[in-house]
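Trainee: Put chain B on the given structure of chain A with help from the hints.
Given next are the chains, with one letter for each unit.
Number of protein chains: 2
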Amino acid sequence: MKAYCDLLCLPSFAGFVLDEDSGKVLMIQDKHRIARWKFPGGYSKLGEDFSETAIREVFEETGVRAEFQSILAFRQQHDMPYSFDRSDIYVVCRLKPVTFDLTICSEELLDARWMHINELLTSKEHTALSKHVANLAKKGLSESFDDVDITMSELPSVYKGKTFKLFCRPH
Amino acid sequence: MKAYCDLLCLPSFAGFVLDEDSGKVLMIQDKHRIARWKFPGGYSKLGEDFSETAIREVFEETGVRAEFQSILAFRQQHDMPYSFDRSDIYVVCRLKPVTFDLTICSEELLDARWMHINELLTSKEHTALSKHVANLAKKGLSESFDDVDITMSELPSVYKGKTFKLFCRPH
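Those sequence lines, one after another, are chains A and B.
In this text, residue positions in the first sequence follow this note's numbering: the first is 1, and each later residue adds one.
In this text, residue positions in the second sequence follow this note's numbering: the first is 1, and each later residue adds one.
Just chain A, same shape as in the assembly (with noise of 0.2 Å):
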């Protein structure tokens, strides 16, 4: 068992949670962590894909509802704590709001509030990875996501009868 598990590392996967009307995105802070601001999410369910992890954490965390659109970035991580000495993947999905009213998971967050984009760009209470994918979505509402996006597509797998997920620039 040791063996294998050498191999394997933590994946993990958040929502940025945009307002585009509003330039809002969806923030939290974790009741178990260093209190500071960060997007909702993670980790996956066996078997679950990327994009239904960050949904449904974001629902479970704050009740909002939203629908998967891109992945913006995905870090790598080694020596972290709380990861059972694992290399982590961290992916933050954009995604869009179906529902603003928050019911905040009291057993999980401290606190969860949308805030304006401006606001993670430029107060120093931010993280250099919550500053790095602001700056992203800012692009992508000051021009287009098209140039930002990191988009998904459904292939036929090598294995009879499966697919995966891939995801890539559009080409």
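Calculated directly from the structure, the hints in this document are not laboratory data.
No false leads were slipped in.
Identical copies carry no separate label here, and so any pair may be met within one copy or between two of them.
Distance condition first, Cα-Cα at most 27 Å in a straight line; then the derived DSS-like pairs of lysine-lysine:
1) Lys165 / Lys124
2) Lys165 / Lys45
3) Lys38 / Lys162
4) Lys160 / Lys38
5) Lys165 / Lys96
6) Lys165 / Lys139
Source: prediction; values computed, not measured.
Mentor: What follows is chain B alone, placed relative to chain A:
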């Protein structure tokens, strides 16, 4: 152990080694899988960066030295054989060859050769994923990789003294 193992996935990393002058791509046939042409690659060592894994696996399998350029695409697939019941994340890295002579690892491979990109696009022998990535690379060759590449940057982590790699479009 079982509980946290359910959260893990099996990442693997391939090199799309493209010689931009000749338009040729390095392809291999894996001795231990169904005989088909695919990109050289394999699993990460614990704590190894995406880019390092792709470069190392290409060298170990084919003897070709290459440099990381970008990520072209990544796949998520569930229910695959040889994956310890994990879903996979398979990342295709665009690499630039520094050497071209092949030293084929006979333990791992049946064959390896430089193949023109058009052959990937026209011959029925190649998988949907190889064709999709070849189309992306063809766009990069004929227009520019600026619109195709998912680029890597290194950012400060929230964990003191650490950094992480972020993969996204330039903003």
